[in-house]
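Using this note's numbering, read the sequence shown as starting at 1 and increasing by one per residue.
One or more of the hints may lead you astray.
Restricting the straight-line Cα-Cα distance to at most 30 Å, the calculated cross-link-like pairs of lysine-lysine (DSS-like) are [said to hold, decoys possible]: (1) 302 / 277; (2) 178 / 277; (3) 81 / 32.
Have a look at the derived ranges for each label pair, beta carbon to beta carbon [claimed, not checked]: (4) 157 / 71: 52 to 60 Å; (5) 137 / 25: 45 to 53 Å; (6) 40 / 218: 27 to 35 Å; (7) 229 / 152: 28 to 36 Å.
To be clear, the hints were calculated from the coordinates, so they are not data collected in a lab.
Predicted model, so just to flag it, every value in this text is computed and none were measured.
Here a beta-carbon is modelled for each residue, glycine too, at the ideal position from N, C-alpha and C.
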Amino acid sequence: MAIKPSRWARDWVHEFVREESSPSRLDAWVEKTTASIVEEMPDLNARPGLPQQLREAISEHWICFLNQLVQPQTDFRLVPKAYEIARESAQTSLPLETLNRIYRIAQRSTWNYATELIAAVDDPQSERIELLIYLWDRASDWIDRSVNETSRIYHEARRHIDVGRNALWLEEVSRLLKGETLDSRRVSAELGGYPMADHHTAFIVTPSEPSQTLEDLEEAYRQMTAHLALLQALVVRPGGRQIWSWAATRRPMQLDPGLTSSEATAHGMRIAVGMSKPGLLGFAASHHQARRTLEVVHPHRKGLHRYTQIEALVLLGCNEAVDDFVRRTLGGLGGSLDHEVRLRSTVATYLASGGSVDRAASELSVHRNTIRYRLQQASALLGRDLLATDSDVALALRHLDLTHDGRMP
């Protein structure tokens, strides 16, 4: 709700606007405000032309604000020079936070100036307070709208830049994945300086829930890359709800699978990771491994899935012949009843522990006699004795769990 000033306050504001609109007062105000901003943000001087653009924007803002100050309602429009600064900042990667800080410094400078003037007014204190509230309300509203509109323009410009760049990068990456280019220097230049001579670890990121949007996925991906401190990352959006990414490192990347898996799971992501390989051919090979990994991982399986940890399953793939092998190998142990699912978990843990009942019991937090009893039940469902080195059963269990989420179709 707009604050309605008293007659005295309206008269004071009209006189204030008349005086501040004079060329000399306007120039003094612009220089003072610009100096306040540059003093707190000296790095702005390093950007050619920006201080002068700020002066022009401050002048336009102040003139427009003064004109609106005497109106009953504010008819806000971002001034042209501020629009230009917002757009060019996005194009030259000046952070949006920097623009917001500029506005807040200008707001503080405006407030200090107004309070000094009002403090000198020889009128009752109640009327001065009313004037302060009125000016604060109008100035805050103007700055807030300026910040919001600047943010909108900035993000819109960034989206246009990102869309155009992504289209160019996707075209270059597609040629690279098809083996159509072998010039490392040219590819690096086309991909914004991404170091093609390094080792490359490919990531393909998808959501595990239908309700997740691409925006949700990108935010989760940003958090994951920050968590993993993935430097020299190249990101391409191929369309649909996927993100393709490569991390360049001087040596083969060593990921902590526990940390990365928990981070991905927490954000509902399904991430396939290829091996870390060098050069142009390695860039393509790692991505192809990640893509094949994604093809065998069930859509609902959240977390990080590394090619190196499930290479045999990826190479086998998922088809009717492989599923038939799983059915024949597991027999009754491949059922969908709850106790059959529990038995499979016990068998998988037992085989992964090298056939150690004690280690399996510790892993599952049950008594070792419980493990022995479950293994007997599993053997009965298999139709033969379960061996500690039963690699066929281990492979079938991993395929059933990872590719079919524990339930055969």
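Quiz item: Does the Cβ pair residue 40, residue 218 satisfy 27 to 35 Å?
Solution: holds, 33 Å
Quiz item: Keeping to a limit of 30 Å between CA atoms, is the pair of residue 302 and residue 277 held or broken?
Solution: holds, 25 Å
Quiz item: Taking only the CA atoms, is the gap from residue 178 to residue 277 under or equal to 30 Å?
Solution: With Cα atoms ~17 Å apart, residue 178 and residue 277 stay inside 30 Å; holds.
Quiz item: Do the Cβ positions of residue 229 and residue 152 conform to the proposed distance bound of 28 to 36 Å?
Solution: Since the Cβ atoms of residue 229 and residue 152 sit about 31 Å apart, the hinted range of 28 to 36 Å holds.
Quiz item: Between residue 157 and residue 71, is the Cβ distance one that fits in 52 to 60 Å?
Solution: violated, 30 Å
Practice problem: Could you grab the alpha-carbon distance between residue 81 and residue 32 and see if it respects the 30 Å cut-off? | Solution: holds, 18 Å
Quiz prompt | residue 25 and residue 137 - C-beta distance against the hinted 45 to 53 Å | solution = violated, 23 Å
Checked against the numbered hints above, the structure violates hints 4 and 5; every other hint is satisfied.
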